[in-house]
Amino acid sequence: MLRVLLYETPDDPHMNLAFEEALPRAVGCGLSPATLRLWRNRRAVVIGYFQRAEEEVNLEEAERLGVAVVRRFTGGGAAYHDLGNINYAISLPAKGQVGETVNFIFSELIRAPVEALRSLGLEASVQNVNDIVVENRKVSGTAATISWRATFFHGAMLVSADLSALASVLKVPLKKLIDKGVSSVKYRVTNISSIRPGITVNQVAEALASSFARVLGYDGVKYDVPTSEELEIAETLYYHKYRERAWNLERTPHRDFREAEEEVKRICRA
Amino acid sequence: MGTCEVKARKGLIRATVDAKGGVIERALITGDFMLLPEDKVFDLERALLKVRLSRDDVERAVREALGGSTLIGCSYGDFVDAIMCAGEGS
Chain S
327 MLRVLLYETP DDPHMNLAFE EALPRAVGCG LSPATLRLWR NRRAVVIGYF QRAEEEVNLE
387 EAERLGVAVV RRFTGGGAAY HDLGNINYAI SLPAKGQVGE TVNFIFSELI RAPVEALRSL
447 GLEASVQNVN DIVVENRKVS GTAATISWRA TFFHGAMLVS ADLSALASVL KVPLKKLIDK
507 GVSSVKYRVT NISSIRPGIT VNQVAEALAS SFARVLGYDG VKYDVPTSEE LEIAETLYYH
567 KYRERAWNLE RTPHRDFREA EEEVKRICRA
Chain L
125 MGTCEVKARK GLIRATVDAK GGVIERALIT GDFMLLPEDK VFDLERALLK VRLSRDDVER
185 AVREALGGST LIGCSYGDFV DAIMCAGEGS
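Sequences listed follow chains S and L, in order.
With positions in the first sequence counted from 1, the corresponding number in the working numbering is that position plus 326.
With positions in the second sequence counted from 1, the corresponding number in the working numbering is that position plus 124.
If you are wondering where the hints come from, they were derived from the structure by calculation, not from laboratory data.
There's no promise every hint is true.
The list that follows gives simulated cross-link-like pairs (lysine-lysine, DSS-like), each with its CA atoms no further than 30 Å apart [said to hold, decoys possible]:
hint : chain 1 : residue 1 : chain 2 : residue 2
1    : L       : Lys164    : L       : Lys144
2    : L       : Lys144    : L       : Lys131
3    : S       : Lys464    : L       : Lys131
4    : L       : Lys131    : L       : Lys164
5    : L       : Lys164    : S       : Lys591
6    : L       : Lys174    : L       : Lys164
7    : L       : Lys134    : S       : Lys421
8    : S       : Lys497    : L       : Lys134
9    : S       : Lys464    : L       : Lys174
Computed spacing ranges between beta-carbons, pair by pair [what the hints assert, rightly or not]:
hint : chain 1 : residue 1 : chain 2 : residue 2 : range
10   : S       : Arg584    : L       : Asp142    : 41 to 49 Å
11   : L       : Tyr200    : S       : Glu449    : 44 to 52 Å
12   : S       : Thr578    : L       : Gly146    : 26 to 34 Å
13   : L       : Gly191    : S       : Arg390    : 26 to 34 Å
14   : S       : Pro359    : L       : Asp167    : 45 to 53 Å
15   : L       : Gly197    : S       : Glu588    : 31 to 39 Å
16   : L       : Gly197    : S       : Asp550    : 42 to 50 Å
In silico negatives: residues of chain S with every beta carbon more than 10 Å from chain L [to be verified]:
hint : residue
17   : Arg378
18   : Glu381
19   : Val424
20   : Gly425
21   : Val428
22   : Val455
23   : Asn456
24   : Ile472
25   : Ser473
26   : Glu558
Yeah, the Cβ is synthetic: ideal placement off N, Cα and C, and Gly gets one too.
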């Protein structure tokens, strides 16, 4: 059975992202088995590891709307999160060469969200390496890392999110819009509920859990709660990294958060 | 200080370069590209300091700093293009 966590802290996106990093760390050091997490933020923009907040986010508008800005540990682009968006994240023990694993992530693991949508009657497909599209509109972006001896893949799926808020807080470079042949990010992305009215976040979450289990060869899913070690790692990362301006707004690398690194290593060894 | 964006097959690479007298004094590589292990990007920024702003020298620095990394949907050449373009505009 695939372990599934529904653990989320929607009103504290920094903790949500700290827990997101805690899982691959716990899986990689053998404290936790392969785990799928499904979770939401109430209102946040999550930027990629290489991004600078000021380049990607209309910070004044985000503050006006009460949208927090949080940086994640994977590359890729900024994503707008609200309760109409479901996030999925799978952490597996790493094995094999990096190149083979990248291929596994973007040819096998990515089938899970695609097939979840297909099970709900949507003609979903992968476009441009890591985007999931339905009727030529992006409904989910994905990203991955191979770190801390874990293979990690996650994505954000728009079910019934506020696309006006998305368009007002995200700055999308003109080159990207021209490349996609659209004039605004609003015309490039869409909600699943716009294509399939009435569909809910819960239905999509259930489909994602079943689909990840199927793709990974499990018989089914087992819903679980976080272990004390997973929460301890998350709290360490939260206090020493994810609530820090240096992490979220100043694009500081992991290695500069020494207390976080040392404390997580200690928990892993204990 | 110059900034240049290069749209790779997957992802946008944005270089911000401060070059004085044809030598790079500061470089920042940002964007929504994907590269593993991620921290090689910070190694690249450090490796570019004091590098002469010529295509050969920049390409050598990029290849050395990013050597052994896995680039997803982008190439060494995309990084070189962005850095050269930003440096020439600085």
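Ascending list of hint numbers which this structure does not respect: 9, 10, 11, 13, 14, 16, 17, 18, 19, 20, 21, 22, 23, 24 and 25
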